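To convert, count from 1 in the sequence shown and add 860; that's the working numbering.
Please keep in mind that the hints were generated in silico from the structure rather than gathered at the bench.
Straight-line C-alpha distance at most 27 Å; calculated DSS-like pairs for lysine-lysine:
1) Lys1039 x Lys1020
2) Lys1020 x Lys977
3) Lys1092 x Lys1081
4) Lys904 x Lys984
5) Lys1099 x Lys904
6) Lys1108 x Lys1092
7) Lys904 x Lys941
8) Lys1020 x Lys941
9) Lys984 x Lys948
Pair ranges (Cβ atoms, derived):
10) Arg990 x Ala1142: 39 to 45 Å
11) Asp989 x Ser877: 21 to 27 Å
12) Asp1138 x Ser908: 35 to 41 Å
13) Pro906 x Ala1145: 38 to 44 Å
14) Glu1010 x Ser1146: 39 to 45 Å
15) Phe1075 x Ala1142: 21 to 27 Å
If you're wondering where the values come from, they're calculated on a predicted model, not measured in any experiment.
Yeah, the Cβ is synthetic: ideal placement off N, Cα and C, and Gly gets one too.
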Amino acid sequence: MNKVMEGLLAVASGTVSLGGELTVRRLGFGAMRITGDGIWGPPKDPASALAVLRRAVELGVNFIDTADSYGPNVSEELIAKALAPYPKDLVIATKGGWNRPGPGQWTHDASPEHLRKAVEGSLKRLRLDRIDVYQLHTPDPVVPFDASMEALAELRAEGKIRLIGLSNVTREHIERARKIVPIISVQNRYSFADREWDYVVDYCEQNGIAFIPWFPLGAGKVAGMLLERIAKAHNQTPKQVALAWLLKRSPVMLPIPGTSSTEHLEENVKAAELRLSDEEYAQLASVTER
861 MNKVMEGLLA VASGTVSLGG ELTVRRLGFG AMRITGDGIW GPPKDPASAL
911 AVLRRAVELG VNFIDTADSY GPNVSEELIA KALAPYPKDL VIATKGGWNR
961 PGPGQWTHDA SPEHLRKAVE GSLKRLRLDR IDVYQLHTPD PVVPFDASME
1011 ALAELRAEGK IRLIGLSNVT REHIERARKI VPIISVQNRY SFADREWDYV
1061 VDYCEQNGIA FIPWFPLGAG KVAGMLLERI AKAHNQTPKQ VALAWLLKRS
1111 PVMLPIPGTS STEHLEENVK AAELRLSDEE YAQLASVTER
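Could you put together the complete structure from these sequences and hints?
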């Protein structure tokens, strides 16, 4: 891949504002898959994981999403090892609110005490004095939501967090949170064929909140066939078409496709250049299966 093409990749996705304070390109990188199997332990090939992170930045990606629960701790440690000291325009968003008792196991803990310890741990692992974007990973069914948000608001007031986001939430959660502290991003499961959170995307767009979709491919049989047909017409991959659809869906959309392969990373980021026709967009939007 030549240097000119490299420079055009992530830049072609455009930009989105995070709370009016930070601006990032609209195609980011999700760092969950650089850990071991079951999102547990170190990767089988640590050198490859480091190479993927460095390559993402070379391709113009300046938003990396992670969480203390990825590994646990492994993803954050790898990001720091690969990229610290960080480029000035690089925004690292992390999350807290889960415990990891074992591979493939996730348990809630969004108590104020846990969140405070989680933020302190993330600061240390990421080698940061302040986390640019800190997200509540998921509401805790046994901890009052307002208590979780008040704890993050306090950490923001202390200068340990710059901006606050939410993940796996409803519009009601967002509205409640915004009464406590400004919310700059929402991260929910979403794809062209999985639009349960369409109304949340619309709410985010209306209120200038970035929407970060996870599991952006999410296609069943019918959706997969349509993806294949449109991808073939553009000489692109189905994943690239799915990402292009997201970028066309809303100006606040910030997809974060993740991978442990530099080849797949380059393929994903190149989706920033793909422009779907209005007809292709509508055809994909008409599919509602998961």
